[in-house]
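Chemist: Residues per chain, in single letters:
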Amino acid sequence: LAKTTQPISMDSYEGQEVNITCSHNNIATNDYITWYQQFPSQGPRFIIQGYKTKVTNEVASLFIPADRKSSTLSLPRVSLSDTAVYYCLVGDWNTGGFKTIFGAGTRLFVKA
Amino acid sequence: ETGVTQTPRHLVMGMTNKKSLKCEQHLGHNAMYWYKQSAKKPLELMFVYNFKEQTENNSVPSRFSPECPNSSHLFLHLHTLQPEDSALYLCASSLMTGLSSYEQYFGPGTRLTVT
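Quick mapping for you: the protein sequence lines, in order, are chains V and A. Positions 1 to 112 (the numbering used here) are the ones given, in order, by the first sequence. Positions 113 to 227 (the numbering used here) are the ones given, in order, by the second sequence.
Be a bit skeptical, because a hint or two may be false.
[As the list claims (entries may be wrong)] Here are the computed lysine to any residue pairs in the SDA-like style, where the Cα-Cα straight-line distance is at most 25 Å:
1. A:148 / V:83
2. A:153 / V:16
3. V:3 / A:191
4. A:152 / V:51
5. A:152 / A:185
6. A:153 / A:168
7. A:148 / V:9
8. V:3 / A:171
9. V:69 / V:51
10. A:153 / V:58
11. A:153 / V:26
12. A:134 / V:39
13. A:148 / V:49
14. V:3 / A:129
15. V:3 / A:179
16. V:3 / A:154
[Unchecked claim] Partner residues aside, some chain A positions facing chain V, computed with beta carbon under 8 Å:
17. 155
18. 195
19. 198
20. 200
21. 204
22. 214
23. 218
[As the list claims (entries may be wrong)] Here are the simulated distance ranges between beta carbons:
24. A:139 / V:30: 22 to 30 Å
25. A:181 / V:9: 40 to 48 Å
26. V:26 / A:177: 44 to 52 Å
27. V:14 / A:182: 28 to 36 Å
28. V:66 / A:191: 45 to 53 Å
29. A:134 / V:57: 30 to 38 Å
30. A:139 / V:72: 27 to 35 Å
Note that these hints are calculated values from the structure, not bench results. Ideal Cβ placement from N, Cα and C applies to all residues, glycine included.
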């Protein structure tokens, strides 16, 4: 599974757009990129997944450049309740035995 | 509410006790997972079950014994644990088909304290 690197922490203010970038230089051809959110003492929650270009859902957008060596999770107009840890995962679950490796994640703190 | 329930939510046990954690999913998924999350550490995948068959065991000590009687239920049997096993134990489930495989649904976890 490809190793991922994210910033340890980020601060933002309510109403701002937040972009969290994840590096995955050794991503494989069949790998997908997935992002999860975790609040304290809760299980992670799936946010978004993508393979290339841009993916958008009701919660976030995921931008993936052509070389796929990085990806950026974009959270529009964050609120205090978006304070959480965000994890970037890269893998090919179809052949990887569903071996999920979570890194340290990025701790986002949204201030009023 | 994610459709994945775990009981108990909190558990305190001595090192000589035997206890079990239970997980149940109501989502029709066919894969189930156990994770361990220690303080200030990333989530660690412990076990994966695919259609009741164990497909992953990430070098977990034998004092942790998983059981998956059917696709909806998953247990983690605990015996002779150590204080360093104190952690949040999370259960998750997913489908094993195509892109749905990437989306795991997590339960609220069991906070385990070993004394």
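Chemist: Honestly, which of those hints from before does the structure not fit?
Modeler: Per hint list: 2, 3, 4, 5, 10, 14, 15, 18, 19, 26 and 27 violated.
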